[in-house]
Amino acid sequence: DAKTTQPTSMDCAEGRAANLPCNHSTISGNEYVYWYRQIHSQGPQYIIHGLKNNETNEMASLIITEDRKSSTLILPHATLRDTAVYYCIVTSGGSQGNLIFGKGTKLSVKP
Amino acid sequence: DTGVSQDPRHKITKRGQNVTFRCDPISEHNRLYWYRQTLGQGPEFLTYFQNEAQLEKSRLLSDRFSAERPKGSFSTLEIQRTEQGDSAMYLCASSSREANTDTQYFGPGTRLTVL
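Protein sequence lines correspond, in order, to chains W and H. With the first sequence counted from 1, adding 5 to any position gets you the working numbering. With the second sequence counted from 1, adding 155 to any position gets you the working numbering.
Worth flagging that the hints you see were computed from the coordinates, not collected in a lab. Among the hints, erroneous ones may be present.
Taking lysine to aspartate or glutamate and the EDC-like style, the derived pairs with C-alpha atoms no more than 20 Å apart in a straight line are [as the list claims (entries may be wrong)]: (1) K74/W / E36/W; (2) K8/W / E36/W; (3) K108/W / E199/H; (4) K111/W / E199/H.
As the structure is a computational prediction, the values presented were derived from the model and not from experiment.
Kindly produce the complete structure, drawing on both the sequences and the hints.
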């Protein structure tokens, strides 16, 4: 079973920030939080990952709580092309092995 | 485009036929993974190679499934005697350990339809 819990679906207005939450209360000290997204009929796309510090790249920001039991992926200015299923995955980074995907959050960006 | 390619992108076959899919990973990546995704579900892990060695296999990988990575570069996934339940998207990913992480990059997938 996936080690994370995410809402099934969310809506966001185009141009606004999309904040996608993820709970991972059983995360271990050596486990990373990874985010992928999957646009319809395409392969999953890597977005960002982090261990304990907040991270930002050209696609998104990742905010991890101090106790590491939850995180939020932020898309600062959502566009219609950000409509996708977003997966939050917890994995030990050193030997990632297989990723365990849950059902993710279906984000719908609306004009 | 992540640099991981898969061929074919679509395959339609009749039940009982054998099919083979190919994955070409990012060139410097030594790890290669296969996943399967059915409609409405997240991808599920099938198997994993480090270089040419197959290090892990899921219980989903029945004896009708076989995967190879003979020279540690491209990989093939073969399904023998296909069944309708094999209809799914087959995804390949590759990675290379950097620092303490091992980010996997996925290809576009091969969609298999078994009639």
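Has the given pair, K8/W with E36/W, been kept, meaning a C-alpha gap of at most 20 Å? holds, 11 Å
Do the alpha carbons of K111/W and E199/H lie within 20 Å of each other, as the hint requires? holds, 18 Å
For the pair supplied as a hint, K108/W and E199/H, confirm whether the alpha-carbon distance does not exceed 20 Å. holds, 11 Å
Mind checking the alpha carbons of K74/W and E36/W for me, to see if they're no more than 20 Å apart? holds, 11 Å
Violated hints are absent here; each numbered hint is respected by the structure.
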